[in-house]
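*Asks:* Read top to bottom, the protein sequences are chains R and H. Count the first sequence with the working numbering and you get residues 166 to 279, in order. Count the second sequence with the working numbering and you get residues 65 to 175, in order.
Keep in mind that the hints are not guaranteed to be accurate.
Stated by the list, open to error - Cβ pair distances, simulated, as ranges:
no., chain 1, residue 1, chain 2, residue 2, range
1, H, Asn86, R, Ser223, 42 to 50 Å
2, R, Ser223, H, Lys167, 17 to 25 Å
3, H, Asn102, R, Asn172, 17 to 25 Å
To be verified - List time: in silico SDA-like cross-link candidates among lysine to any residue, alpha-carbon distance up to 20 Å:
no., chain 1, residue 1, chain 2, residue 2
4, R, Lys209, H, Ser103
5, H, Lys167, R, Gln202
6, H, Lys167, H, Ala74
7, R, Lys209, H, Thr161
8, R, Lys192, R, Pro239
9, R, Lys209, H, Asn102
10, H, Lys167, R, Asp251
11, H, Lys167, R, Gly262
12, R, Lys209, H, Gln73
13, R, Lys209, H, Gly104
14, R, Lys209, H, Ala83
15, H, Lys167, R, Lys227
16, H, Lys90, H, Ser137
17, R, Lys209, H, Glu117
18, R, Lys192, H, Leu125
19, R, Lys209, H, Lys133
20, R, Lys227, R, Leu263
21, R, Lys209, R, Ser252
22, H, Lys167, R, Gly224
23, H, Lys133, H, His109
Calculated directly from the structure, the hints in this document are not laboratory data. As the structure is a computational prediction, the values presented were derived from the model and not from experiment. Positions of the beta carbon are idealized from the N, C-alpha and C atoms, including for glycine.
Each chain, letter by letter, is given below.
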Amino acid sequence: NAGVMQNPRHLVRRRGQEARLRCSPMKGHSHVYWYRQLPEEGLKFMVYLQKENIIDESGMPKERFSAEFPKEGPSILRIQQVVRGDSAAYFCASSGGLPADTQYFGPGTRLTVL
Amino acid sequence: SQQGEEDPQALSIQEGENATMNCSYKTSINNLQWYRQNSGRGLVHLILIRSNEREKHSGRLRVTLDTSKKSSSLLITASRAADTASYFCATPNSGNTPLVFGKGTRLSVIA
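With the hints as constraints, model all of the structure from the sequences given.
*Replies:* In structure tokens:
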């Protein structure tokens with residue numbers, strides 16, 4: 166059973182460009198979560214999605230950030246007009262049931278903004 | 065606001081010793097989870113303890129939960145160099161909401 170997959174693993178963007186991060190949840194999981202982690206910090210919740218629906222986006226900045234989880238295909242976290250402060254590791258997790266249940270994490274995408 | 069706070073922030077021990085990490089949280093919970101993160105990697109789920117449980121074991125891991133003190137501890141017995149990692153506790157912020165993670169305890173096990 167394949168785990169949570171994320172790509173790319175490393176992404177370099179210049180200021181002002183767009184970053185697209187992809188996440189394929191574990192097979193059979195319909196709940197996806199995105200987190201951001203700065204160096205030496207814990208994970209900060211960004212957004213929680215189920216298929217075709219955003220359930221909780223309370224941790225996601227209102228501007229430049231968006232997320233989707235279409236009926237077919239991976240979940241995508243999109244950051245427009247990136248700034249240096251967006252440099253971080255972005256982790257995706259999935260669960261098969263309730264959001265308070267065990268979450269299974271992907272390896273992360275490390276975004277570097279030059 | 066931060067739901068879980070781990071203590072200590074960093075811990076260095078010799079191989080074979082036991083490592084104890086603590087987590088305090090603010091609001092009532094229905095479960096508390098511990099995760100491990102190796103450097104540069106994603107998080108790996110270690111153990112989930114429900115609010116009606118007081119203690120749980122998994123291999124060399126022992127987790128306790130004291131809901132009256134709103135605290136939990138993770139004990140790793142007979143530590144190994146491979147246990148070197150950051151350890152995070154996580155709880156739902158309230159009810160059945162997504163998990164909130166603490167800043168973690170960085171454990172170094174010296175061979």
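*Asks:* Give a verdict on every hint.
*Replies:* Verification of the supplied hints:
Between Asn86/H and Ser223/R the C-beta distance comes to about 28 Å, which lies outside the given range of 42 to 50 Å. Taken as a hint, the range 17 to 25 Å holds for the pair Ser223/R and Lys167/H, whose Cβ atoms sit roughly 20 Å apart. Between Asn102/H and Asn172/R the Cβ separation comes to about 20 Å, which falls inside the hinted range of 17 to 25 Å. For the proposed pair Lys209/R and Ser103/H, the alpha carbon gap of about 17 Å is at most 20 Å, so the pair holds.
Restraint check for Lys167/H and Gln202/R: satisfied, since their Cα atoms lie roughly 10 Å apart, inside the 20 Å limit. A threshold of 20 Å between alpha carbons decides the hint, and for Lys167/H with Ala74/H the separation of about 11 Å falls inside it, so the pair holds. About 14 Å separates the Cα atoms of Lys209/R and Thr161/H, which keeps this hinted pair within 20 Å; it holds. As the CA atoms of Lys192/R and Pro239/R are separated by approximately 11 Å, the hinted pair is consistent with the 20 Å bound.
Simply put, Lys209/R and Asn102/H have alpha-carbon atoms about 17 Å apart, close enough for the 20 Å limit, and the pair holds. Straight-line distance between C-alpha atoms of Lys167/H and Asp251/R comes to about 19 Å, which keeps the hinted pair within the 20 Å bound. At roughly 25 Å between alpha-carbon atoms, Lys167/H and Gly262/R are farther apart than 20 Å, so this suggested pair is violated. As the CA atoms of Lys209/R and Gln73/H are separated by approximately 17 Å, the hinted pair is consistent with the 20 Å bound.
With a C-alpha separation of about 16 Å, the suggested pairing of Lys209/R with Gly104/H holds against the 20 Å cut-off. Between Lys209/R and Ala83/H the CA atoms are separated by roughly 26 Å; this puts the pair beyond 20 Å, and the hint is violated. A threshold of 20 Å between alpha carbons decides the hint, and for Lys167/H with Lys227/R the separation of about 24 Å lies outside it, so the pair is violated. For the hint pairing Lys90/H with Ser137/H, the CA-to-CA distance comes to about 15 Å; that is within 20 Å, so the pair holds.
Our distance criterion of 20 Å between C-alpha atoms is broken by Lys209/R and Glu117/H, whose separation comes to about 27 Å. Straight-line distance between C-alpha atoms of Lys192/R and Leu125/H comes to about 28 Å, which puts the hinted pair past the 20 Å bound. Taken as a hint, the Lys209/R and Lys133/H pair is broken in the structure, with Cα atoms around 25 Å apart against an allowance of 20 Å. Our distance criterion of 20 Å between C-alpha atoms is broken by Lys227/R and Leu263/R, whose separation comes to about 25 Å.
Under the criterion of a C-alpha separation no larger than 20 Å, the hint pairing Lys209/R with Ser252/R is consistent with the structure, at around 14 Å. Proposed proximity of Lys167/H and Gly224/R is supported: the alpha carbons are some 16 Å apart, at most 20 Å. For the proposed pair Lys133/H and His109/H, the alpha carbon gap of about 24 Å is over 20 Å, so the pair is violated.
When the structure is compared with the earlier hints, violations turn up for hints 1, 11, 14, 15, 17, 18, 19, 20, 23 and for no others.
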